[in-house]
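So the protein lines, in turn, are chains A and B.
Okay, so the first sequence: first residue is 76 according to this note's numbering, each after it adds one.
Okay, so the second sequence: first residue is 76 according to this note's numbering, each after it adds one.
Rather than coming from a laboratory, the hints here were simulated on the basis of the structure.
This one's a predicted model, so the numbers in the text were calculated from it and none came from an experiment.
Check each hint, because a few of them may be wrong.
Same chains, same names: a pair is fine if it fits in one copy or spans any two.
[As the list claims (entries may be wrong)] Straight-line alpha carbon distances no greater than 25 Å define the calculated DMTMM-like cross-link-like pairs of lysine to aspartate or glutamate that follow:
no.	residue 1	residue 2
1	K401	E440
2	K538	D549
3	K521	D486
4	K167	D183
5	K346	D322
6	K521	E113
7	K538	D148
8	K116	D322
Residue-level listing of the chains:
2 protein chains.
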Amino acid sequence: MQRIKRLVKHIISRINVNLKPMGLDIEQVLMESIPFDELTKYYAYYALSIDHPLYFRFRESNLGGTYFLGKCDVDRSIVFLSDIRGDELKTKNTKVQFGEVKTELYQDEIIQVINSYLIRTLVHNHSRNPEIPEYFRILNTAAMYYSNIHGTTTEGVYLGAFATADLSVLHNCILGNYAYVQAGDLSRVCIDPGRIWIRQEGKYEFDYRYSPVTIEKYVSWDQNGELTGVFAKFLKGRRSDFLPVYDSLTASENQIHVPNHAFLSRYAVVKGDCIIGENCLVAQRAYIEDSVMGAGANAQENSFIVNTECADLCVVAHGGKMIYTKLGEKVFIGFNCFLQGTVDKKISIGAGSIIMPHTIIDAEEPVTVPEETLVWGYIANQNDLKNQSMSMAEFAKEKRINLGNMSFTGDGAAFIKDFQNRIDHILVENGARYDGKSHSRGHAQKTQSVSYNLFQPYLAGEKEGLFPTIVVEDN
Amino acid sequence: MQRIKRLVKHIISRINVNLKPMGLDIEQVLMESIPFDELTKYYAYYALSIDHPLYFRFRESNLGGTYFLGKCDVDRSIVFLSDIRGDELKTKNTKVQFGEVKTELYQDEIIQVINSYLIRTLVHNHSRNPEIPEYFRILNTAAMYYSNIHGTTTEGVYLGAFATADLSVLHNCILGNYAYVQAGDLSRVCIDPGRIWIRQEGKYEFDYRYSPVTIEKYVSWDQNGELTGVFAKFLKGRRSDFLPVYDSLTASENQIHVPNHAFLSRYAVVKGDCIIGENCLVAQRAYIEDSVMGAGANAQENSFIVNTECADLCVVAHGGKMIYTKLGEKVFIGFNCFLQGTVDKKISIGAGSIIMPHTIIDAEEPVTVPEETLVWGYIANQNDLKNQSMSMAEFAKEKRINLGNMSFTGDGAAFIKDFQNRIDHILVENGARYDGKSHSRGHAQKTQSVSYNLFQPYLAGEKEGLFPTIVVEDN
Numbered sequence: 076m077q078r079i080k081r082l083v084k085h086i087i088s089r090i091n092v093n094l095k096p097m098g099l100d101i102e103q104v105l106m107e108s109i110p111f112d113e114l115t116k117y118y119a120y121y122a123l124s125i126d127h128p129l130y131f132r133f134r135e136s137n138l139g140g141t142y143f144l145g146k147c148d149v150d151r152s153i154v155f156l157s158d159i160r161g162d163e164l165k166t167k168n169t170k171v172q173f174g175e176v177k178t179e180l181y182q183d184e185i186i187q188v189i190n191s192y193l194i195r196t197l198v199h200n201h202s203r204n205p206e207i208p209e210y211f212r213i214l215n216t217a218a219m220y221y222s223n224i225h226g227t228t229t230e231g232v233y234l235g236a237f238a239t240a241d242l243s244v245l246h247n248c249i250l251g252n253y254a255y256v257q258a259g260d261l262s263r264v265c266i267d268p269g270r271i272w273i274r275q276e277g278k279y280e281f282d283y284r285y286s287p288v289t290i291e292k293y294v295s296w297d298q299n300g301e302l303t304g305v306f307a308k309f310l311k312g313r314r315s316d317f318l319p320v321y322d323s324l325t326a327s328e329n330q331i332h333v334p335n336h337a338f339l340s341r342y343a344v345v346k347g348d349c350i351i352g353e354n355c356l357v358a359q360r361a362y363i364e365d366s367v368m369g370a371g372a373n374a375q376e377n378s379f380i381v382n383t384e385c386a387d388l389c390v391v392a393h394g395g396k397m398i399y400t401k402l403g404e405k406v407f408i409g410f411n412c413f414l415q416g417t418v419d420k421k422i423s424i425g426a427g428s429i430i431m432p433h434t435i436i437d438a439e440e441p442v443t444v445p446e447e448t449l450v451w452g453y454i455a456n457q458n459d460l461k462n463q464s465m466s467m468a469e470f471a472k473e474k475r476i477n478l479g480n481m482s483f484t485g486d487g488a489a490f491i492k493d494f495q496n497r498i499d500h501i502l503v504e505n506g507a508r509y510d511g512k513s514h515s516r517g518h519a520q521k522t523q524s525v526s527y528n529l530f531q532p533y534l535a536g537e538k539e540g541l542f543p544t545i546v547v548e549d550n
Numbered sequence: 076m077q078r079i080k081r082l083v084k085h086i087i088s089r090i091n092v093n094l095k096p097m098g099l100d101i102e103q104v105l106m107e108s109i110p111f112d113e114l115t116k117y118y119a120y121y122a123l124s125i126d127h128p129l130y131f132r133f134r135e136s137n138l139g140g141t142y143f144l145g146k147c148d149v150d151r152s153i154v155f156l157s158d159i160r161g162d163e164l165k166t167k168n169t170k171v172q173f174g175e176v177k178t179e180l181y182q183d184e185i186i187q188v189i190n191s192y193l194i195r196t197l198v199h200n201h202s203r204n205p206e207i208p209e210y211f212r213i214l215n216t217a218a219m220y221y222s223n224i225h226g227t228t229t230e231g232v233y234l235g236a237f238a239t240a241d242l243s244v245l246h247n248c249i250l251g252n253y254a255y256v257q258a259g260d261l262s263r264v265c266i267d268p269g270r271i272w273i274r275q276e277g278k279y280e281f282d283y284r285y286s287p288v289t290i291e292k293y294v295s296w297d298q299n300g301e302l303t304g305v306f307a308k309f310l311k312g313r314r315s316d317f318l319p320v321y322d323s324l325t326a327s328e329n330q331i332h333v334p335n336h337a338f339l340s341r342y343a344v345v346k347g348d349c350i351i352g353e354n355c356l357v358a359q360r361a362y363i364e365d366s367v368m369g370a371g372a373n374a375q376e377n378s379f380i381v382n383t384e385c386a387d388l389c390v391v392a393h394g395g396k397m398i399y400t401k402l403g404e405k406v407f408i409g410f411n412c413f414l415q416g417t418v419d420k421k422i423s424i425g426a427g428s429i430i431m432p433h434t435i436i437d438a439e440e441p442v443t444v445p446e447e448t449l450v451w452g453y454i455a456n457q458n459d460l461k462n463q464s465m466s467m468a469e470f471a472k473e474k475r476i477n478l479g480n481m482s483f484t485g486d487g488a489a490f491i492k493d494f495q496n497r498i499d500h501i502l503v504e505n506g507a508r509y510d511g512k513s514h515s516r517g518h519a520q521k522t523q524s525v526s527y528n529l530f531q532p533y534l535a536g537e538k539e540g541l542f543p544t545i546v547v548e549d550n
């Protein structure tokens with residue numbers, strides 16, 4: 076393992092060059108978090124699809140358990156049990172516009188992960204990086220358990236557990252546990268744990284802060300550097316269900332009916348009685364148990380849908396978790412939401428509602444969210460909705476809101492509109508609206524004819540844990 | 076599948092350029108044999124070992140179900156359910172001597188498979204090619220079911236089913252079904268089915284010919300181009316036992332005790348009660364059922380060992396098959412031998428005996444071979460041994476033998492000695508004599524810490540059945 080240890084030192088040094096000036100020394104965090112004894116345990120895998128341009132280059136890295144799609148270059152990194160999804164990479168000659176400035180890609184966009192440590196991280200590209208649109212870059216970055224890097228290049232960034240960097244530009248930046256940002260340029264900014272910050276320069280700004288006590292309850296570290304809290308406990312209890320899925324090479328095809336234009340990843344868990352509707356997308360590492368997925372509904376990576384009904388066109392974003400929940404049509408569940416009902420304390424969300432990223436509804440009594448409602452923050456009972464939700468029509472009329480721990484300034488209508496447009500974009504991209512015509516095909520249809528290539532590291536000697544250099548090209 | 080069809084045409088044209096002048100048009104044979112509907116069915120896999128120099132390059136090929144080890148370059152070929160074993164490739168700067176001439180390798184040796192079609196073929200290098208020792212080349216070659224290419228470059232060669240090309244140099248050469256050659260330069264030679272021909276220029280020559288009727292019974296083709304006969308029937312009946320082995324990623328570890336320095340490939344089948352001795356090697360695609368493998372015994376690729384006892388240091392070469400057989404110490408079972416006993420018609424082979432490659436003992440009564448006996452050809456009963464075997468001590472005294480369908484001229488002692496030296500080489504290479512010291516490690520010990528990388532072809536579109544271009548390098 077000498078080579079892996081040298082690699083870890085290298086990654087620490089590169090991240091520290093960026094973050095020590097910000098006051099964070101990454102060494103202890105990383106040393107406690109890197110699962111040295113598990114680095115040879117899981118295979119990495121990449122998808123071969125006829126619908127996505129293909130190119131992989133892996134060098135001097137450990138990639139245990141990680142999934143790759145699209146064009147990816149990983150160099151001198153540890154990318155552990157993560158998803159690097161390049162299915163919305165831009166192709167050569169695509170015209171892009173950033174504000175007033177137009178430009179054209181001189182080559183296909185590629186995801187580059189360099190000098191970085193990612194553990195159980197979701198990377199999804201659809202980038203809006205104006206500086207080098209050809210490279211979706213994750214450089215000198217540490218991303219902890221269940222963090223999301225979405226449409227955002229990160230250079231010199233620390234993402235805490237369950238943190239999400241969404242459609243931003245981050246240089247030398249620290250995101251606390253369960254923080255969510257979608258706020259443009261965040262260079263040299265430190266984001267507190269549990270802060271939900273959405274800012275569109277000149278348009279609007281939304282800011283919510285969880286109380287530190289709540290964050291501590293749901294996401295924290297014990298004295299050994301182990302992730303603890305309600306989220307970790309929830310996930311650990313379900314981890315073993317993934318073992319047979321990853322051990323077998325044959326998808327258990329007859330377990331459940333999958334309509335012709337729906338896609339159920341063979342790397343998803345399906346337990347109990349489930350129904351998958353037409354044009355559904357159930358991604359790898361999604362978990363569905365005794366639940367219904369309506370037509371065009373989608374369950375993204377690390378989502379858990381248990382004893383839950385999702386009506387048509389519901390979107391459960393990366394890391395969204397639901398137990399005993401009922402969603403009306405076209406409900407959106409944002410990144411890393413946690414909706415925990417029980418058999419006698421169900422959660423019900425009305426049609427068209429938007430549950431904002433990083434929302435927690437942990438029901439101590441039945442909770443009902445009306446239709447067309449925007450919901451955020453921490454909710455334990457029906458009364459909490461007063462300060463943590465608002466009808467979307469009301470919100471759209473506002474220019475300034477102060478409600479509980481949330482403040483909003485700017486154009487409420489634009490804020491709602493942007494959210495809705497993005498949900499529509501997700502539905503289209505995922506193929507939820509596929510009507511049999513080629514131009515409406517999305518991920519659910521494009522991923523149908525996919526095969527997987529599995530690769531492993533050296534199991535002994537000084538290279539133990541290191542993967543060989545692999546280059547895969549289309550032919 | 077357009078690309079695959081183009082590839083097949085290309086391979087046919089390149090083989091025909093070589094073999095049409097020899098009177099063989101390969102087109103019909105190949106078109107009937109290529110399993111077009113199975114080309115997307117099996118994953119290929121390569122081993123990552125810390126003891127073997129690693130380099131793979133795969134281009135414009137189908138590699139369904141094939142195993143690779145060492146350094147291999149496959150270009151414009153179909154290599155189906157085969158084993159390309161480069162574990163005895165020479166390294167850079169190795170000094171080699173061919174007759175009087177000495178030379179030194181200017182780079183690591185690599186196996187190159189170009190413009191070729193291999194189906195269920197075993198390729199094992201240990202080459203003795205004096206012309207380009209850096210390249211173990213399989214060029215413009217068609218190798219049919221269960222043929223062996225062993226230590227032999229082949230350029231413009233057709234190998235029939237169960238044929239073996241061993242330690243030869245073959246250019247534009249045709250080997251009939253179940254033919255075995257180990258005969259030096261065989262350029263522009265056509266070998267009849269069932270001919271066993273061993274020739275060392277100036278030293279000795281052994282020549283045996285099966286009757287065409289016997290060959291027809293054991294290896295033949297039906298009018299649809301399907302392989303038939305006793306061998307094919309035997310193998311087909313056991314094929315389904317390999318499915319769970321290839322479907323699962325976890326070796327079924329607790330099924331059987333494997334001593335510390337023995338190696339049981341996770342891609343071997345073990346059924347019923349089996350015992351594996353210390354320093355044993357059981358290779359991928361070997362099949363053991365209710366059998367005992369003594370210390371240092373080895374079961375090579377495509378060997379089937381059923382209700383059989385192998386004493387210490389027995390060698391079962393590639394494709395050796397035994398049912399209800401008992402082997403004394405250090406018995407050698409050559410390539411594609413078929414020893415079929417039954418519960419009341421057992422076969423017993425005395426210690427130190429050599430069952431020559433391509434020997435058939437199909438017992439219609441119990442058959443007992445004494446110790447230190449050389450056996451060849453076709454044997455159905457005890458009486459057949461008269462013409463198809465000889466005590467090794469006797470053989471060593473002879474200069475000329477004519478016995479049944481066998482003729483021998485030359486130095487009998489050298490013939491026996493060369494065989495024994497080769498068996499010793501096999502035992503050493505396989506680690507059968509490992510004594511805990513590093514220099515005596517062999518394949519059984521070196522393959523301990525091996526991991527496997529699995530890769531698949533495109534599943535749809537014009538590239539259906541084609542694998543992507545993959546380059547794997549050590550780092």
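Outcome of the hint check:
1. K401 / E440: within (15 Å within a copy, 74 Å between copies)
2. K538 / D549: between (28 Å within a copy, 10 Å between copies)
3. K521 / D486: Cα proximity of K521 and D486: none, with 37 Å in one copy and 68 Å across.
4. K167 / D183: Answer is within: at 4 Å inside a copy they meet the 25 Å cutoff, but 39 Å across does not.
5. K346 / D322: both (16 Å within a copy, 21 Å between copies)
6. K521 / E113: Close across copies (22 Å), not inside one copy (33 Å); limit 25 Å.
7. K538 / D148: both (20 Å within a copy, 23 Å between copies)
8. K116 / D322: For K116 and D322, both the intra-copy (12 Å) and inter-copy (18 Å) Cα distances are at most 25 Å.
Consistency note: the structure conflicts with earlier hint 3 alone.
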